[in-house]
Amino acid sequence: MADRNFDYESTLEACARGDERAFQALYRQEAGQLLGLAISMLGRRDIAEDCLHDAFVRIWQHAARFRRELGSGRAWVHSILRYRVLNALRSGGRYAEVDDEFIERVLDDSPQAEAQALEQSEQRLLRRCLQRLEKPRRHPILLAFYRGLTHEQIASRLSTPLGTIKGRIRAGLRALQECLQA
Amino acid sequence: MIPQDPEERRALIGEYLLGLLDEQDAAEVQQLLESDESAARMALEWERHFLDLSDQLPAQAPSPALWARIRQSLGLHDAPRASPLSNWWNSLLTWRLTAAALAMALLVAVLMPLLRTPDIAGERYTVVLQEPGEAAKPGWVIQVSSDGTLSLDPLVADQVPDGRALQFWTLIDPADGPRSLGLVEAGQPLRLPAEQIGAVQAGQLFELTLEPAGGSPYNRPSGPVLYIGRAVLASAN
Chain A
1 MADRNFDYES TLEACARGDE RAFQALYRQE AGQLLGLAIS MLGRRDIAED CLHDAFVRIW
61 QHAARFRREL GSGRAWVHSI LRYRVLNALR SGGRYAEVDD EFIERVLDDS PQAEAQALEQ
121 SEQRLLRRCL QRLEKPRRHP ILLAFYRGLT HEQIASRLST PLGTIKGRIR AGLRALQECL
181 QA
Chain B
1 MIPQDPEERR ALIGEYLLGL LDEQDAAEVQ QLLESDESAA RMALEWERHF LDLSDQLPAQ
61 APSPALWARI RQSLGLHDAP RASPLSNWWN SLLTWRLTAA ALAMALLVAV LMPLLRTPDI
121 AGERYTVVLQ EPGEAAKPGW VIQVSSDGTL SLDPLVADQV PDGRALQFWT LIDPADGPRS
181 LGLVEAGQPL RLPAEQIGAV QAGQLFELTL EPAGGSPYNR PSGPVLYIGR AVLASAN
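Note that the protein sequences, when read in sequence, are chains A and B. If you're matching positions, the first sequence starts at 1 in UniProt numbering and goes up one per residue. If you're matching positions, the second sequence starts at 1 in UniProt numbering and goes up one per residue.
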């Protein structure tokens with residue numbers, strides 16, 4: 001469904017000029033993936049759809065703020081969605097406990113997974129860098145990303161002291177940025 | 001307190017994007033992102049890397065009504081409006097299309113007696129949704145009209161427990177898995193436009209499942225199937 005060669009930057013610039021067809025094309029291209037992320041974080045489809053609604057309203061209203069010299073258009077769109085979802089989580093608490101089997105699986109260490117990751121992109125992938133982190137540093141970052149958990153929630157989920165979790169996430173992010181920029 | 005060291009700053013921005021900062025720190029980072037281009041660039045770099053993780057999740061089809069809701073919230077009209085700059089071009093285009101339509105009308109008028117009316121209407125389908133394993137307990141009926149519009153009508157008033165919801169699904173290709181067509185109110189009819197359904201095929205599976213309030217947290221049904229049925233060709237014009 002999603003077009004790999006979709007030009008997010010030009011589409012957002014067209015949205016900024018009031019081009020509704022571009023807006024619709026962006027929705028067709030990205031709404032499904034954004035909703036997948038929102039449902040993963042919220043554990044509920046209805047609130048996830050509310051966040052998706054709010055994100056697209058904001059994308060249309062603020063498209064003129066996007067500037068391609070600052071970075072990827074797709075990244076910009078995702079940052080807007082994640083911001084809505086985190087707000088919903090922080091203001092309403094968690095809605096449902098979702099099992100974390102997916103998080104255990106996402107960094108599949110199998111050779112096929114690695115080959116697939118290589119094939120998908122020539123650039124250094126975050127997953128490859130995450131794979132190099134030892135699990136105690138990697139797991140809290142994935143819980144924050146996929147489930148939107150706070151430091152406190154991660155500490156309690158992993159039965160680890162809060163200070164330890166904060167330190168591991170900070171150190172994990174530092175190691176990731178080094179790996180990503182190497 | 002925003003660190004001066006660029007690498008510490010970058011890590012802090014990463015924590016901000018993951019929603020890990022307390023309110024005060026988050027407000028400071030937010031202000032920094034609005035005022036400092038290099039910080040804004042760092043944030044989009046993190047986000048671009050995070051896309052790699054987002055893409056590990058299966059995409060989930062939004063409810064068919066969501067797009068209309070977004071347009072309504074923005075006060076956008078049904079037909080995409082032209083931007084002021086493109087008015088002149090559009091009017092020229094309109095003129096050309098009008099001329100082309102006139103030419104076509106003439107051509108058709110001349111050729112019409114020679115041609116048979118082509119079959120342009122689509123096929124109509126009916127689906128009777130029954131309780132699984134029950135041949136004579138229809139609960140809902142689906143009609144797909146020749147223009148592709150789907151209507152789902154209740155034959156019974158289901159009792160849905162508190163905190164639960166009915167979710168409507170279709171399965172076109174088993175390899176793709178079921179696709180959500182949104183939540184359904186017990187005892188209430190539902191209309192879905194053709195573009196949300198796609199072309200219906202004979203034998204296509206439809207079902208209603210019992211899900212947590214708000215719908216299945218997964219990209220597939222998570223609760224029991226209440227009603228299920230396959231599309232049957234009602235007529236081919």
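By construction, these hints were calculated from the structure, which means they are not laboratory data. Positions of the beta carbon are idealized from the N, C-alpha and C atoms, including for glycine. One or more of the hints may lead you astray.
[Claimed, not checked] Only part of the chain B face toward chain A is listed, based on derived beta-carbon distances under 10 angstroms:
{"no.": "1", "residue": "R10"}
{"no.": "2", "residue": "E37"}
{"no.": "3", "residue": "G203"}
{"no.": "4", "residue": "L210"}
Right, here's what the structure says about each hint:
1. R10: Result: holds, 5 angstroms to nearest chain A Cβ.
2. E37: Check passed: Cβ of B:E37 comes within 7 angstroms of chain A, closer than 10 angstroms.
3. G203: 22 angstroms, violated
4. L210: 14 angstroms, violated
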